[in-house]
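Novice: Sequence:
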Amino acid sequence: MQTILAGRIDTHEHAQQLMAKLRERGVALSDMQPYYLTPPGQHAQFPIGGDQYADPDARDAPKKQAAGAAVGAAAGLVAGSVAAAAVPPLAPVIIAGVTGVGALAGSVAGAVSGTKSAEQSKHDRSAESREGGLMVAVRVTPTTESAVLETLEATGARDIERATGEWRDGHWVDLNPVEPPQRIDES
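Start counting the sequence shown at 1040; every next residue gets the next number (our numbering).
Think of the hints as simulated: they come from the structure by calculation, not from any bench.
Hints may contain errors.
Pairs of lysine to aspartate or glutamate residues, derived as DMTMM-like cross-links and limited to a Cα-Cα distance of at most 20 Å, are as follows [to be verified]:
hint: 1; residue 1: K1060; residue 2: E1205
hint: 2; residue 1: K1060; residue 2: E1200
hint: 3; residue 1: K1060; residue 2: D1213
hint: 4; residue 1: K1060; residue 2: D1198
hint: 5; residue 1: K1060; residue 2: D1070
Let the hints inform the model, and build the full structure from the sequences given.
Specialist: If you want it as structure tokens, here you go:
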């Protein structure tokens, strides 16, 4: 297993400039690889696509949906009972109907409240997953690691991470896009 540093860049031109700077610092072309990383959720880890069996941002939705249905049904039962007093012959139908509508509305509200917003999701996911985009990976040795890191930082690479992986024929062959990255602090 080799040590690999990788950083996100904006354009192919930027990748070429970064790789030229790395070459100037003595890094072999066979130790660099530009690649495109698909965004989270689009890595096709399963036969029907996707990265995971369930969306982690909706983890609390079933519990909140059940609670919402119970609260909605209770509110519907009360409202239905009040409304049924006005038309006693239709009381069972009114109570059942309004209770059902209350349960449905409550379950939808509960399920929605049990999911995270896109902004919350992005914030939570940023530390634990890789954002999609153009990346440059560099196989490093103990003697080249600091120079490569300096070059990545100096050329504006973002989300720089350190990984251990297999490098073969100029490529990082065992990159797992859903594995949480080991980001390097830019302090």
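Novice: Evaluate each hint against the coordinates.
Specialist: Taking the hints in turn, this is what the structure says about them:
1. Proposed proximity of K1060 and E1205 is contradicted: the alpha carbons are some 24 Å apart, above 20 Å.
2. With a CA separation close to 19 Å, the supplied pair K1060 and E1200 stays within the 20 Å bound.
3. Only pairs whose Cα atoms come within 20 Å are accepted, and K1060 paired with D1213 is rejected, the gap being roughly 26 Å.
4. Annotation: proposed proximity of K1060 to D1198 holds, straight-line Cα distance about 19 Å (limit 20 Å).
5. At most 20 Å may separate the alpha-carbon atoms for a hinted pair to count; K1060 and D1070 meet this at roughly 13 Å.
Violated hints, listed in ascending order, are 1 and 3; each of the other numbered hints is respected by the structure.
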